[in-house]
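All chains, full assembly: derive it from the sequences and hints.
2 protein chains.
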Amino acid sequence: METHSQRYFSFVDLMGLEQRYRASFVNSLSGFKSVALIGTSNSSKQTNLAIFNSLIHIGANPPYIGFISRPDSVDRHTLSNIMETGYYTINHINEAIFKQAHQTSARYPRDISEFDATHLTADYKLGFKAPFVKESFIQMGIQFKERIHITTNNTVLVIGQINQVYFPNDCLCNDGFLDIEKAKTITCSGLDSYHKTERLARLTYAKADRDLSIAKLGYIE
Amino acid sequence: METHSQRYFSFVDLMGLEQRYRASFVNSLSGFKSVALIGTSNSSKQTNLAIFNSLIHIGANPPYIGFISRPDSVDRHTLSNIMETGYYTINHINEAIFKQAHQTSARYPRDISEFDATHLTADYKLGFKAPFVKESFIQMGIQFKERIHITTNNTVLVIGQINQVYFPNDCLCNDGFLDIEKAKTITCSGLDSYHKTERLARLTYAKADRDLSIAKLGYIE
Numbered sequence: 143m144e145t146h147s148q149r150y151f152s153f154v155d156l157m158g159l160e161q162r163y164r165a166s167f168v169n170s171l172s173g174f175k176s177v178a179l180i181g182t183s184n185s186s187k188q189t190n191l192a193i194f195n196s197l198i199h200i201g202a203n204p205p206y207i208g209f210i211s212r213p214d215s216v217d218r219h220t221l222s223n224i225m226e227t228g229y230y231t232i233n234h235i236n237e238a239i240f241k242q243a244h245q246t247s248a249r250y251p252r253d254i255s256e257f258d259a260t261h262l263t264a265d266y267k268l269g270f271k272a273p274f275v276k277e278s279f280i281q282m283g284i285q286f287k288e289r290i291h292i293t294t295n296n297t298v299l300v301i302g303q304i305n306q307v308y309f310p311n312d313c314l315c316n317d318g319f320l321d322i323e324k325a326k327t328i329t330c331s332g333l334d335s336y337h338k339t340e341r342l343a344r345l346t347y348a349k350a351d352r353d354l355s356i357a358k359l360g361y362i363e
Numbered sequence: 143m144e145t146h147s148q149r150y151f152s153f154v155d156l157m158g159l160e161q162r163y164r165a166s167f168v169n170s171l172s173g174f175k176s177v178a179l180i181g182t183s184n185s186s187k188q189t190n191l192a193i194f195n196s197l198i199h200i201g202a203n204p205p206y207i208g209f210i211s212r213p214d215s216v217d218r219h220t221l222s223n224i225m226e227t228g229y230y231t232i233n234h235i236n237e238a239i240f241k242q243a244h245q246t247s248a249r250y251p252r253d254i255s256e257f258d259a260t261h262l263t264a265d266y267k268l269g270f271k272a273p274f275v276k277e278s279f280i281q282m283g284i285q286f287k288e289r290i291h292i293t294t295n296n297t298v299l300v301i302g303q304i305n306q307v308y309f310p311n312d313c314l315c316n317d318g319f320l321d322i323e324k325a326k327t328i329t330c331s332g333l334d335s336y337h338k339t340e341r342l343a344r345l346t347y348a349k350a351d352r353d354l355s356i357a358k359l360g361y362i363e
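Sequence lines, in order, name chains U and E.
For the first sequence, the numbering used here begins at 143 and goes up steadily by one.
For the second sequence, the numbering used here begins at 143 and goes up steadily by one.
These are computed hints drawn from the structure, not numbers from a lab.
Treat each hint with caution, since some may be false.
[To be verified] The calculated lysine to aspartate or glutamate pairs, modelled on EDC-like cross-linking and capped at a C-alpha distance of 16 angstroms, are:
no. : chain 1 : residue 1 : chain 2 : residue 2
1   : E       : K338      : U       : D353
2   : E       : K358      : E       : E323
3   : U       : K338      : E       : E323
4   : U       : K241      : E       : D312
5   : E       : K338      : U       : D351
6   : E       : K187      : E       : D265
7   : E       : K324      : E       : E237
8   : U       : K349      : E       : D351
9   : E       : K287      : E       : E226
10  : U       : K338      : U       : E237
11  : E       : K241      : E       : E277
12  : U       : K271      : U       : E226
13  : U       : K287      : U       : E340
14  : E       : K324      : E       : E340
15  : U       : K324      : E       : E237
16  : U       : K338      : E       : E340
17  : E       : K349      : U       : E340
18  : E       : K241      : U       : D353
19  : E       : K358      : E       : D317
20  : E       : K241      : U       : D351
21  : U       : K187      : U       : D258
22  : E       : K276      : E       : E288
23  : U       : K241      : E       : D353
24  : E       : K267      : E       : E277
25  : U       : K276      : U       : D265
26  : U       : K187      : U       : E237
27  : E       : K187      : E       : E226
28  : E       : K276      : E       : E226
29  : U       : K276      : U       : D258
30  : U       : K241      : U       : E226
31  : E       : K276      : E       : D258
32  : U       : K324      : U       : E237
33  : E       : K187      : E       : D253
34  : U       : K324      : U       : E340
35  : E       : K324      : E       : D312
36  : E       : K324      : U       : D317
[Said to hold, decoys possible] Which bits of chain E does chain U cover? Going by a derived footprint, with three or more residues having C-beta under 8 angstroms, they are:
no. : stretch
37  : 149-161
38  : 182-189
39  : 219-231
40  : 321-335
For each residue, glycine too, the CB sits at the ideal point set by N, CA and C.
As structure tokens, this is what we get:
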């Protein structure tokens, strides 16, 4: 099965790499990542928008979603705004906006909103306290629930409850699966590589005593 | 930008959904996910292999990687084996093995190894205590570091240090970026949908005072 010549790095090799080289390499190892824009505002209604590539499913009952934040990086306004207001939005990124989404990672002064700087549109829905990204096709309004300190490297796992979700009606399947590929959601790898996807298959629930088969998508009409 | 008619679910709507429907829906919301096979063995050398779709980059210095485990699900052998031996492997999944990878999620009796049941090959390297998946192109040997209890829904964030990494030499770029798409790594969405990828672009480091451009891949010869 191995078609390439294989190379090996030990922990010592990894620690000996130049810092940015190591960051790029190790960020590639966690596979394709969820990438999304997180929208917040502070108590003075100053908006902030930042790209995160560390979204993670926490649980469905209740519906909880998490992301990893680095206290001392560009996402510091996101974290402080969430602590200040208790609310934020998570917005999927599609092919039409991935360059603008990446640009939100630049270090803008606090009084400049990344919405304005990147020409993305702040959208307020149903009185929700944080701004959604109008150009995103899957948008969630999140209520902060728990902040967990990861002592090993001083990062923070932020967990929130999904209070609102907006999605394209024609992407919902009859078993609850939301076809995010049809909704044009993209993925990323490493620190700066963006990818669209092509479905191989949905598979049926695995059981020990039977072979797998391909599951139908079954969109709701 | 909105080409589809939009639909809305509130938190109350989500909580009112049938359990499996909600699980399928909410698992779709976290975007495309890292999916990998985690290989372990217990102190009696009984091997275990399980698919996880919750891999997460924790940090590059030192190189740490995490995943979310549900204590009462099929991954329970993985977690108990990690606690018993302190070591595990994380193996990327490619198109040739995604059905076998999915099949590891079936509930096999403890005395049956998922390696045997799914016809994947346990590979031992450099005396590492846990088995790698021979058919995987990017393989990591991990040393357990920290287990963090997520109280909100009784899940566990398991964090480990990357002690060994094996990868295809022709997928490494000259700035440390590892081209996992070239290495045929796939991604997943929801609970059962598998996808290959197509790169849109690598983008340059974002700065507030300049426009983005496309970064070159620059493979090492």
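Cross-check of the supplied hints:
1. Using a Cα cut-off of 16 angstroms, the hinted pair K338 (chain E) and D353 (chain U) is violated, with the two alpha carbons roughly 22 angstroms apart.
2. A distance of roughly 15 angstroms separates the Cα atoms of K358 (chain E) and E323 (chain E); the hinted pair therefore holds under the 16 angstroms criterion.
3. For a cut-off of 16 angstroms, the pair hint linking K338 (chain U) to E323 (chain E) stands: about 11 angstroms separates their Cα positions.
4. This hinted pair does not check out: K241 (chain U) and D312 (chain E) have alpha carbons roughly 27 angstroms apart, beyond 16 angstroms.
5. In summary, the hint linking K338 (chain E) to D351 (chain U) is not supported, as the alpha carbons are separated by about 28 angstroms, beyond the 16 angstroms threshold.
6. Under the criterion of a C-alpha separation no larger than 16 angstroms, the hint pairing K187 (chain E) with D265 (chain E) is consistent with the structure, at around 13 angstroms.
7. Between the alpha carbons of K324 (chain E) and E237 (chain E) the distance comes to roughly 12 angstroms, so the proposed pair stays at or under 16 angstroms and holds.
8. With a CA separation close to 55 angstroms, the supplied pair K349 (chain U) and D351 (chain E) exceeds the 16 angstroms bound.
9. Only pairs whose Cα atoms come within 16 angstroms are accepted, and K287 (chain E) paired with E226 (chain E) is accepted, the gap being roughly 13 angstroms.
10. Between K338 (chain U) and E237 (chain U), the direct Cα distance comes to roughly 7 angstroms. Compliance with the 16 angstroms bound is thereby established for this hinted pair.
11. A hinted pair counts as satisfied when its Cα atoms are at most 16 angstroms apart, and K241 (chain E) with E277 (chain E) qualifies at roughly 13 angstroms.
12. For the hint pairing K271 (chain U) with E226 (chain U), the CA-to-CA distance comes to about 11 angstroms; that is within 16 angstroms, so the pair holds.
13. A C-alpha spacing of about 34 angstroms is found between K287 (chain U) and E340 (chain U), which places the hinted pair above 16 angstroms, so the restraint is violated.
14. Taken as a hint, the K324 (chain E) and E340 (chain E) pair is honoured in the structure, with Cα atoms around 10 angstroms apart against an allowance of 16 angstroms.
15. Proposed proximity of K324 (chain U) and E237 (chain E) is contradicted: the alpha carbons are some 20 angstroms apart, above 16 angstroms.
16. Simply put, K338 (chain U) and E340 (chain E) have alpha-carbon atoms about 5 angstroms apart, close enough for the 16 angstroms limit, and the pair holds.
17. Only pairs whose Cα atoms come within 16 angstroms are accepted, and K349 (chain E) paired with E340 (chain U) is rejected, the gap being roughly 31 angstroms.
18. Under the criterion of a C-alpha separation no larger than 16 angstroms, the hint pairing K241 (chain E) with D353 (chain U) is consistent with the structure, at around 10 angstroms.
19. Between K358 (chain E) and D317 (chain E), the direct Cα distance comes to roughly 10 angstroms. Compliance with the 16 angstroms bound is thereby established for this hinted pair.
20. In summary, the hint linking K241 (chain E) to D351 (chain U) is supported, as the alpha carbons are separated by about 15 angstroms, within the 16 angstroms threshold.
21. This hinted pair checks out: K187 (chain U) and D258 (chain U) have alpha carbons roughly 14 angstroms apart, not beyond 16 angstroms.
22. Between K276 (chain E) and E288 (chain E) the CA atoms are separated by roughly 27 angstroms; this puts the pair beyond 16 angstroms, and the hint is violated.
23. Of the pairs offered as hints, the one joining K241 (chain U) and D353 (chain E) holds, with about 10 angstroms between alpha carbons and a cut-off of 16 angstroms not exceeded.
24. In summary, the hint linking K267 (chain E) to E277 (chain E) is supported, as the alpha carbons are separated by about 14 angstroms, within the 16 angstroms threshold.
25. A distance of roughly 5 angstroms separates the Cα atoms of K276 (chain U) and D265 (chain U); the hinted pair therefore holds under the 16 angstroms criterion.
26. A distance of roughly 29 angstroms separates the Cα atoms of K187 (chain U) and E237 (chain U); the hinted pair therefore is violated under the 16 angstroms criterion.
27. Between K187 (chain E) and E226 (chain E) the CA atoms are separated by roughly 11 angstroms; this keeps the pair inside 16 angstroms, and the hint holds.
28. For the suggested pair K276 (chain E) and E226 (chain E), the alpha carbons sit about 23 angstroms apart, so the restraint of at most 16 angstroms is broken.
29. A distance of roughly 13 angstroms separates the Cα atoms of K276 (chain U) and D258 (chain U); the hinted pair therefore holds under the 16 angstroms criterion.
30. For the suggested pair K241 (chain U) and E226 (chain U), the alpha carbons sit about 29 angstroms apart, so the restraint of at most 16 angstroms is broken.
31. Of the supplied pair hints, the one linking K276 (chain E) and D258 (chain E) holds, its CA atoms being roughly 13 angstroms apart against a limit of 16 angstroms.
32. The straight-line distance between the Cα atoms of K324 (chain U) and E237 (chain U) is roughly 12 angstroms, inside the 16 angstroms bound, and the hint therefore holds.
33. At most 16 angstroms may separate the alpha-carbon atoms for a hinted pair to count; K187 (chain E) and D253 (chain E) meet this at roughly 11 angstroms.
34. For a cut-off of 16 angstroms, the pair hint linking K324 (chain U) to E340 (chain U) stands: about 10 angstroms separates their Cα positions.
35. For the given pair, K324 (chain E) sits about 9 angstroms from D312 (chain E) by alpha-carbon distance, which is consistent with the 16 angstroms threshold.
36. A C-alpha spacing of about 33 angstroms is found between K324 (chain E) and D317 (chain U), which places the hinted pair above 16 angstroms, so the restraint is violated.
37. Counting residues of the stretch 149-161 of chain E whose beta carbon lies closer than 8 angstroms to any beta carbon of chain U gives 10, which reaches the threshold of three, so the coverage claim holds.
38. Counting residues of the stretch 182-189 of chain E whose beta-carbon sits less than 8 angstroms from any beta-carbon of chain U gives 0, not enough to reach three: the coverage restraint is violated.
39. For the stretch 219-231 of chain E, the assignment as covered by chain U is violated, since 0 residues bring a beta-carbon within under 8 angstroms of that chain's beta-carbons and 3 are needed.
40. Given as covered by chain U, the stretch 321-335 of chain E passes the check, having 12 residues with a CB less than 8 angstroms from a CB of that chain where 3 are the minimum.
When held up to the earlier numbered hints, the structure conflicts with 1, 4, 5, 8, 13, 15, 17, 22, 26, 28, 30, 36, 38, 39 and fits the remainder.
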